[in-house]
Amino acid sequence: MQIPIEYYLILSAALFMTGIVGVLIRRNAIIVFMSIELMLNSANLTLITFSSYLGNSIGQIFVFFVMAVAAAEAAIGLAIIIALFRNKLTVNLDEINIFKW
Amino acid sequence: MTVYDIIFYLFAAVTLISAFFVVTNRNIVHSAFFLLFTFFGVAGIYVMLGADFIAIVQLIVYVGGILILLLFGVMLTNKIVNVEIKTGTIHALPASIVLGLFAGAIGAAVLNTNWKIVESPDPVPTTAAIGRMLINEYALVFELLGILLLIALIGAASMARR
Numbered sequence: 027m028q029i030p031i032e033y034y035l036i037l038s039a040a041l042f043m044t045g046i047v048g049v050l051i052r053r054n055a056i057i058v059f060m061s062i063e064l065m066l067n068s069a070n071l072t073l074i075t076f077s078s079y080l081g082n083s084i085g086q087i088f089v090f091f092v093m094a095v096a097a098a099e100a101a102i103g104l105a106i107i108i109a110l111f112r113n114k115l116t117v118n119l120d121e122i123n124i125f126k127w
Numbered sequence: 142m143t144v145y146d147i148i149f150y151l152f153a154a155v156t157l158i159s160a161f162f163v164v165t166n167r168n169i170v171h172s173a174f175f176l177l178f179t180f181f182g183v184a185g186i187y188v189m190l191g192a193d194f195i196a197i198v199q200l201i202v203y204v205g206g207i208l209i210l211l212l213f214g215v216m217l218t219n220k221i222v223n224v225e226i227k228t229g230t231i232h233a234l235p236a237s238i239v240l241g242l243f244a245g246a247i248g249a250a251v252l253n254t255n256w257k258i259v260e261s262p263d264p265v266p267t268t269a270a271i272g273r274m275l276i277n278e279y280a281l282v283f284e285l286l287g288i289l290l291l292i293a294l295i296g297a298a299s300m301a302r303r
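Here the protein sequences come in this chain order: A and B. FYI, in this note's numbering the residues of the first sequence are 27 to 127. FYI, in this note's numbering the residues of the second sequence are 142 to 303.
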């Protein structure tokens, strides 16, 4: 391991911040969804980094669990987006205000 | 600058540049394809960290599953005939302020912490160890995850077909 641990952590932080920017500035629900996947990936990357640098593979088990939850989240999220699209004919988050009255 | 460093920078560049394009590209289908490269880059970083099993699972689950699901979502929620598959950006200034604050905080945390590092020997295959842990110590969590996935799939199907 010649590469310092900080490099991996900063890479992961940059990926997470890209995801945050995506959630904040984009108005399409599917792009927001992709940004959430980016953030999940960066969290996984941090876990794998610590697991590798501490010589302990429990972090990899945890990443496996996170991936399973991410798969469930992707299925549910897309079902919600498709149901919303069927009702409102848009996936623009600014126009989806059915909880307001 | 060893070969190891060069490969790390290559994967890091692929990951970050394509992640940037995922967020900024105006065409959703292009964003989905850039997301593919991000997932590949992260899988490469996993291999460099010695997590071979997780790298393969990353490729199978994210590239083979979630990305295809996302593309289905894009196709189902945009009428292919009209070109209204593009969307703009808003609130760029508050977003950059939030980003700057967050970047400062997390950068300071990363650089000022004295990380505990165990010098490990060369990476060994991890699949057998992970499998043994999944059916011994973490068997309950593993089964619960299976039930969670089943419930999620049933819920998604019943929500999407109505």
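There's no promise every hint is true.
As the list claims (entries may be wrong) - Just some of the chain B residues that point at chain A, by a computed CB distance under 7 Å:
id: 1; residue: Phe174
id: 2; residue: Ala270
id: 3; residue: Leu285
id: 4; residue: Ile288
To be verified - What follows is a set of in silico ranges between Cβ atoms, one per label pair, in the way DEER data are often shown:
id: 5; chain 1: A; residue 1: Ala109; chain 2: B; residue 2: Leu240; range: 28 to 34 Å
id: 6; chain 1: B; residue 1: Asp263; chain 2: A; residue 2: Thr116; range: 50 to 56 Å
id: 7; chain 1: A; residue 1: Asn123; chain 2: B; residue 2: Ala249; range: 18 to 24 Å
id: 8; chain 1: B; residue 1: Thr165; chain 2: A; residue 2: Asn123; range: 45 to 51 Å
id: 9; chain 1: A; residue 1: Thr116; chain 2: B; residue 2: Leu234; range: 22 to 28 Å
id: 10; chain 1: A; residue 1: Asn123; chain 2: B; residue 2: Met142; range: 52 to 58 Å
id: 11; chain 1: A; residue 1: Asn118; chain 2: B; residue 2: Ala246; range: 21 to 27 Å
id: 12; chain 1: A; residue 1: Ile124; chain 2: B; residue 2: Gly248; range: 20 to 26 Å
id: 13; chain 1: A; residue 1: Val95; chain 2: B; residue 2: Val170; range: 38 to 44 Å
id: 14; chain 1: B; residue 1: Met142; chain 2: A; residue 2: Ile124; range: 31 to 37 Å
id: 15; chain 1: A; residue 1: Ala109; chain 2: B; residue 2: Pro235; range: 28 to 34 Å
id: 16; chain 1: B; residue 1: Phe283; chain 2: A; residue 2: Gly81; range: 21 to 27 Å
id: 17; chain 1: B; residue 1: Gly205; chain 2: A; residue 2: Thr116; range: 25 to 31 Å
id: 18; chain 1: A; residue 1: Ile84; chain 2: B; residue 2: Arg302; range: 23 to 29 Å
Hints were generated in silico from the structure; no laboratory data involved. Note that the structure is predicted; figures quoted are calculated from it, not measured. We put the beta carbon where it would ideally sit given N, CA and C, even for glycine.
With respect to the beta-carbon atoms only, verify the hint that threonine 165(B) and asparagine 123(A) lie 45 to 51 Å apart. violated (26 Å)
Does alanine 270(B) pass the interface hint, meaning its C-beta sits closer than 7 Å to a C-beta of chain A? Status holds, d = 5 Å.
When the nearest CB of chain A is found for phenylalanine 174(B), is that gap smaller than 7 Å? Where the cut-off is 7 Å and the nearest Cβ of chain A is about 11 Å from phenylalanine 174(B), the hint is violated.
When you take the CB atoms of isoleucine 84(A) and arginine 302(B), is the distance between them in 23 to 29 Å? violated (39 Å)
So does asparagine 123(A) sit 18 to 24 Å from alanine 249(B), Cβ to Cβ? Given range 18 to 24 Å: violated, Cβ gap about 38 Å.
Using the C-beta atoms of glycine 205(B) and threonine 116(A), is the stated range 25 to 31 Å upheld? holds (29 Å)
Honestly, do alanine 109(A) and leucine 240(B) meet the 28 to 34 Å range at C-beta? holds (32 Å)
31 to 37 Å was suggested as the range; check whether the CB atoms of methionine 142(B) and isoleucine 124(A) agree with it. Given range 31 to 37 Å: violated, Cβ gap about 55 Å.
Next item in the hint list is leucine 285(B). Is there a CB on chain A closer than 7 Å to its CB? violated (9 Å)
Can you let me know if the beta-carbon spacing of threonine 116(A) and leucine 234(B) is within 22 to 28 Å? holds (25 Å)
Is it true that asparagine 118(A) and alanine 246(B) lie within 21 to 27 Å of each other by Cβ? Given a distance of about 31 Å, which is not inside 21 to 27 Å, the answer is violated.
Do the beta carbons of phenylalanine 283(B) and glycine 81(A) sit within 21 to 27 Å of each other? With Cβ atoms ~23 Å apart, the hint holds.
Checked against the numbered hints given earlier, the structure breaks hints 1, 3, 4, 7, 8, 11, 12, 13, 14 and 18 and satisfies all the rest.
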